[in-house]
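Novice: Take a look at the letters that make up each chain.
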Amino acid sequence: MQRIGVFVCHCGSNIAATVDVKKVVEMAALEPGVVHAEDYQYMCSEAGQAKIDAAIKEKNLTGIVVCSCSPRMHETTFRNAAKRAGLNPYMVEIANIREHCSWIHKNMEEATKKAVILARAAIAKVSLNTPLQQGESRVTKRALVIGGGIAGIQTALDIAEAGYEVDIVEKTPSIGGRMSQLDKTFPTLDCSACILTPKMVEASAHEKINIYTYSEVEKVSGFVGDFTVDIRKKARSVNMDKCTGCGVCQEKCPSKKTPNEFNRGLNTRSAIYTPFAQAIPNVPVIDREHCTKFKTGKCGVCAKVCQAGAIEYDQQDEIVTEKYGAIVVATGFDVIKLDQYDEYAYSQSPDVITSLELERIMNAAGPTKGHLERISDHKAPKNMVFIQCVGSRCADKRGKSYCSKICCMYTAKHAMLIRDKYPDVNVTVFYIDVRTPGKNFDEFYRRAVEEYGVNYIKGQVGKVAPQPNGQLLVQGVDLIDNKQILMEADMVVLAAAIEPNKDVRKIATMLTASIDTNNFLTEAHPKLRPVESPTAGVFLSGVCQGPKDIPETVAQAGAAAVKAIGLLAKDKLLTNPCTAKSDELLCNGCSTCANVCPYGAISYIDKEVNDHGIRETRHFAQVNSALCQGCGACTVACPSGAMDLQGFSNRQIIAEVDAICR
Amino acid sequence: MSIEKTNEFRPKIVAFCCNWCSYAGADLAGSSRLGYPADVKIIRVPCSCRVNPMFILRAFEKGADGVILCGCHPGDCHYTTGNYYARRRMTLLFSMLDYLGVENGRTRVEWVSAAEGVKFSTTMNEFVEKIHSLGKNVRLEDLRCRN
Ligand SMILES: Cc1cc2nc3c(=O)[nH]c(=O)nc-3n(C[C@H](O)[C@H](O)[C@H](O)COP(=O)(O)OP(=O)(O)OC[C@H]3O[C@@H](n4cnc5c(N)ncnc54)[C@H](O)[C@@H]3O)c2cc1C
Ligand code: SF4
Ligand code: SF4
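Chains as they are written, first to last, in my numbering: chain A, 1 to 662; chain B, 1 to 147.
Hints are computed from structural coordinates only; laboratory data are not their basis.
Check before you lean on any hint, since a few could be wrong.
[As the list claims (entries may be wrong)] Taking lysine-lysine pairs in the BS3-like style, the calculated list, with each CA pair at most 27 Å apart, reads:
1. A:K405 <-> B:K136
2. A:K106 <-> B:K136
3. A:K219 <-> A:K141
4. A:K527 <-> B:K119
5. A:K400 <-> A:K458
6. A:K234 <-> A:K171
7. A:K397 <-> B:K119
8. A:K421 <-> A:K458
9. B:K119 <-> A:K113
10. A:K113 <-> B:K130
11. A:K506 <-> B:K119
12. B:K119 <-> A:K106
13. A:K208 <-> A:K252
14. B:K136 <-> A:K113
15. A:K607 <-> A:K581
16. A:K106 <-> B:K130
17. A:K502 <-> B:K119
18. A:K400 <-> B:K119
19. A:K439 <-> A:K458
[As the list claims (entries may be wrong)] Cβ-to-Cβ under 7 Å is the rule here; a few derived chain A residues that face chain B:
20. R72
21. I104
22. K114
23. I117
24. Y452
25. D516
26. P598
27. A633
28. I654
29. E656
30. D658
31. I660
32. C661
We put the beta carbon where it would ideally sit given N, CA and C, even for glycine.
The whole structure should be built from the sequences, with the hints applied where relevant.
Specialist: If you want it as structure tokens, here you go:
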């Protein structure tokens with residue numbers, strides 16, 4: 001018989017306000033096997049843990065139950081406390097009487113009753129616990145960063161600086177991400193390329209960093225410390241080693257009608273292209289979908305003009321398989337499609353643009369060489385209207401419920417830059433709220449209003465109507481003066497909501513990392529573990545986790561790097577001992593379990609057994625505990641009931657069911 | 001909420017929650033103070049695929065009035081494929097239970113992610129409501145256990 005100690009936590013008043021803690025102690029003490037029961041203000045505190053320590057030693061406890069917050073909070077704390085007192089850490093069970101009880105029930109009697117039942121279930125379970133030993137697994141000292149935006153670049157640099165090898169996988173032909181498309185950046189108005197390019201160069205030159213551009217992650221297997229990843233290097237059709245980056249091919253390519261993604265489709269590019277001048281690597285790719293040679297077999301101009309002989313039309317996609325200890329996701333974002341926002345006439349008028357398009361228009365390397373002009377007739381605008389929160393903070397299905405966070409600031413930036421360079425242009429901003437929390441952010445916005453005379457109107461725009469004369473009629477309301485507004489504009493700029501990159505779902509599925517209802521990657525804890533995914537060994541960097549500006553992205557990128565470094569610095573990892581185990585005498589070697597195991601952890605061995613005096617050689621399942629992740633799929637599939645999961649055994653779970661239904 | 005208005009019948013409801021998504025979703029419901037009736041008691045399992053149909057039969061045998069299984073959304077299973085196994089097993093089990101007279105409303109599978117505290121709470125409220133409308137379950141109860 002187990003000697004069980006029960007410890008009931010008040011959690012200040014978090015539990016004690018709705019659960020009669022003393023009653024729980026009293027009832028728990030009556031359960032079979034319980035030889036000690038007490039309560040304390042904060043079990044997780046040092047004094048609380050000391051109580052556990054003392055009771056284990058004095059009463060020779062063989063198992064303990066802590067009735068407290070979720071095991072996801074403090075299971076490790078209490079396991080460690082048990083371990084220090086000489087008890088096997090897996091002889092600890094938690095009854096979650098806070099998140100699953102005191103916080104959701106208001107009636108004290110009901111909550112207390114439920115807490116008693118939850119305690120009984122945990123006691124019943126711990127009575128059947130057996131000591132478990134953690135195994136060890138090795139750590140591959142190399143990290144993978146998926147996405148080569150500022151987040152991915154910063155994370156890779158920080159990991160590399162700590163001395164570990166890092167690979168960056170970027171799906172476009174160059175690293176740089178959205179930041180490379182920006183003109184100037186708030187709140188200091190530095191030129192984006194001027195601060196980004198040095199980082200890109202540093203990453204590409206770093207001896208510990210290896211960059212796969214125009215590549216995608218195809219398959220991920222393994223687990224923390226030991227991931228195996230297949231990377232598809234898409235055929236570039238240009239030999240990276242031979243190409244000198246002269247650019248002659250792009251100039252001479254006759255197929256120049258492809259919408260230029262980098263300039264958000266505002267102009268066109270050639271079929272062989274580098275996305276932008278500072279691209280890293282500075283090696284073009286042939287967009288096979290638009291290349292005449294690939295479409296019709298004729299052309300081949302680029303191969304003829306290339307002095308270096310770098311053009312290789314017969315290149316094939318290549319799959320590289322690499323091992324990694326840690327994976328950082330930095331897949332960033334895109335702006336939402338606006339085809340559902342007909343009221344703003346985005347699809348009807350070329351002069352209604354998104355803010356990201358405006359970044360390209362303002363940029364000296366952009367489609368208009370940095371001149372502010374209308375796309376329709378290249379005329380300089382006189383009146384510009386900015387509309388905030390297009391698809392952000394949106395109640396209906398078309399948009400996003402969240403605030404995109406960066407738009408208030410970049411619109412203030414745009415307004416200020418325009419007024420600075422073109423003082424004749426009138427700038428009006430329609431907003432719901434101006435949100436400027438952040439260092440020097442509100443000051444920045446106030447400068448736009450006070451120094452640059454930007455006209456901010458609190459209110460929404462109902463309609464933008466293109467007029468026959470090419471003007472845009474903007475109908476809105478001014479909520480402060482409570483009046484309708486009708487104004488003509490030459491250009492309308494929409495602050496379109498941002499959303500996670502659409503591929504993120506695929507990546508999350510491969511990594512078994514979770515994503516929220518908006519497709520942002522979920523962190524392990526929203527407050528305390530913001531850069532870790534709930535999946536061990538997977539970390540989050542940048543906007544893929546939630547809307548952020550560059551300073552926040554860089555800070556988070558560094559934090560993710562530190563977490564990855566912490567993992568890579570370990571030589572061995574302790575593994576989860578709650579693994580499956582098959583009972584030799586019950587197993588009939590049917591191999592059902594091996595078919596359902598997602599990790600290939602089950603193999604079959606022939607072994608001589610002694611079954612009630614009969615010696616014979618049998619074929620039975622054996623679980624490799626280093627590979628088993630403890631899902632339990634095999635235990636249910638096993639037709640002979642031979643397979644069981646340690647720590648969550650059939651008997652333990654049934655004991656919990658019985659205790660709850662008692 | 002249904003607790004207050006029905007003093008006579010307090011259903012026993014067992015909720016199996018996978019550790020990675022639904023248990024965390026239940027925690028989030030808790031920290032966001034999104035209430036649901038105290039009749040629901042949660043058992044933590046590593047994955048929805050750990051739930052043996054035997055556990056569910058056992059619950060009904062011991063007098064449970066409803067059993068709900070919650071796991072990660074299809075495609076999001078921490079162990080890649082576990083919830084697909086659970087889904088298939090439960091479809092089979094629930095139709096057999098229905099045949100035995102344990103109405104379909106007493107059993108349920110629901111996908112709740114770690115971010116869906118609201119969904120967890122509304123699911124539990126709905127489920128308890130449903131069990132109230134079905135009343136006490138007597139079909140599989142082992143009468144020898146009754147005290
Ligand atoms: C109009 C506009 C103006 C802005 N102005 C400012 C400003 O002035 N100041 C400021 O601080 N912030 C500004 N921002 C915000 C800034 O752009 C972001 O904070 C920053 O770019 C986030 O970097 P990231 O690396 O997380 O994401 P991204 O820049 O989106 O980088 C993600 C990278 O991952 C790659 N990728 C995606 N999926 C995959 C995949 N499956 N496999 C491989 N690679 C993949 C992408 O190709 C991309 O290169 C602005 C944003 C917008 C839209
Ligand atoms: S083959 Fe012709 S069309 Fe294709 S990239 Fe080269 S030059 Fe352009
Ligand atoms: S518990 Fe899961 S991972 Fe472990 S052997 Fe069984 S099926 Fe494989």
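Novice: Against each hint, give a clear statement of whether it holds in the structure.
Specialist: Verification of the supplied hints:
Taken as a hint, the A:K405 and B:K136 pair is broken in the structure, with Cα atoms around 51 Å apart against an allowance of 27 Å. Under the criterion of a C-alpha separation no larger than 27 Å, the hint pairing A:K106 with B:K136 is consistent with the structure, at around 25 Å. Restraint check for A:K219 and A:K141: the C-alpha separation of about 20 Å stays at or below 27 Å, so the hint holds. Our distance criterion of 27 Å between C-alpha atoms is met by A:K527 and B:K119, whose separation comes to about 21 Å.
Taking the CA atoms of A:K400 and A:K458, the gap is about 20 Å. The hint holds against a cut of 27 Å. About 9 Å separates the Cα atoms of A:K234 and A:K171, which keeps this hinted pair within 27 Å; it holds. Between A:K397 and B:K119 the CA atoms are separated by roughly 18 Å; this keeps the pair inside 27 Å, and the hint holds. Restraint check for A:K421 and A:K458: the C-alpha separation of about 25 Å stays at or below 27 Å, so the hint holds.
Proximity of B:K119 to A:K113 is assessed by CA-CA distance (about 25 Å); at most 27 Å being required, the pair is judged to hold. With a C-alpha separation of about 22 Å, the suggested pairing of A:K113 with B:K130 holds against the 27 Å cut-off. The straight-line distance between the Cα atoms of A:K506 and B:K119 is roughly 24 Å, inside the 27 Å bound, and the hint therefore holds. The suggested pairing of B:K119 with A:K106 holds, with an alpha-carbon distance near 20 Å, which does not exceed 27 Å.
With a CA separation close to 37 Å, the supplied pair A:K208 and A:K252 exceeds the 27 Å bound. Our distance criterion of 27 Å between C-alpha atoms is met by B:K136 and A:K113, whose separation comes to about 20 Å. This hinted pair checks out: A:K607 and A:K581 have alpha carbons roughly 16 Å apart, not beyond 27 Å. Between A:K106 and B:K130, the direct Cα distance comes to roughly 22 Å. Compliance with the 27 Å bound is thereby established for this hinted pair.
Restraint check for A:K502 and B:K119: satisfied, since their Cα atoms lie roughly 24 Å apart, inside the 27 Å limit. With a C-alpha separation of about 18 Å, the suggested pair A:K400 and B:K119 falls inside the 27 Å cut-off, and the hint holds. Proximity of A:K439 to A:K458 is assessed by CA-CA distance (about 24 Å); at most 27 Å being required, the pair is judged to hold. The beta carbon of A:R72 comes within 6 Å of a beta carbon in chain B, closer than 7 Å, and the hint placing it at the interface holds.
Satisfaction of the interface hint for A:I104 is found here, the shortest Cβ-Cβ separation to chain B being roughly 5 Å, below the 7 Å cut-off. Interface hint status for A:K114: upheld, as the beta-carbon distance to the closest one in chain B is roughly 4 Å, under 7 Å. Using the Cβ-Cβ criterion of 7 Å, the hint placing A:I117 at the interface with chain B is satisfied: the shortest such distance is roughly 6 Å. Nearest Cβ of chain B to the Cβ of A:Y452: about 40 Å, over the 7 Å cut. The hint is violated.
This hint holds: A:D516 has a C-beta 4 Å from the nearest C-beta of chain B, less than the 7 Å allowed. Against a cut-off of 7 Å between C-beta atoms, the interface hint on A:P598 holds, since the closest Cβ of chain B lies about 5 Å away. The criterion of a C-beta within 7 Å of any C-beta in chain B is met by A:A633, whose closest approach is roughly 4 Å, and the hint holds. Checking A:I654 against chain B by beta carbon gives a least distance of about 6 Å; that is within 7 Å, so the hint holds.
The beta carbon of A:E656 is positioned within 7 Å of a beta carbon in chain B (closest approach about 5 Å), and the interface hint is therefore held. Contact between A:D658 and chain B, as hinted, is supported at the beta carbon level, the nearest pair being about 6 Å apart and thus within 7 Å. Annotation: interface hint on A:I660 holds; nearest CB of chain B at approximately 5 Å, less than 7 Å. The beta carbon of A:C661 is positioned within 7 Å of a beta carbon in chain B (closest approach about 4 Å), and the interface hint is therefore held.
Violation of the numbered hints given earlier is confined to hints 1, 13 and 24; the remaining hints are satisfied by the structure.
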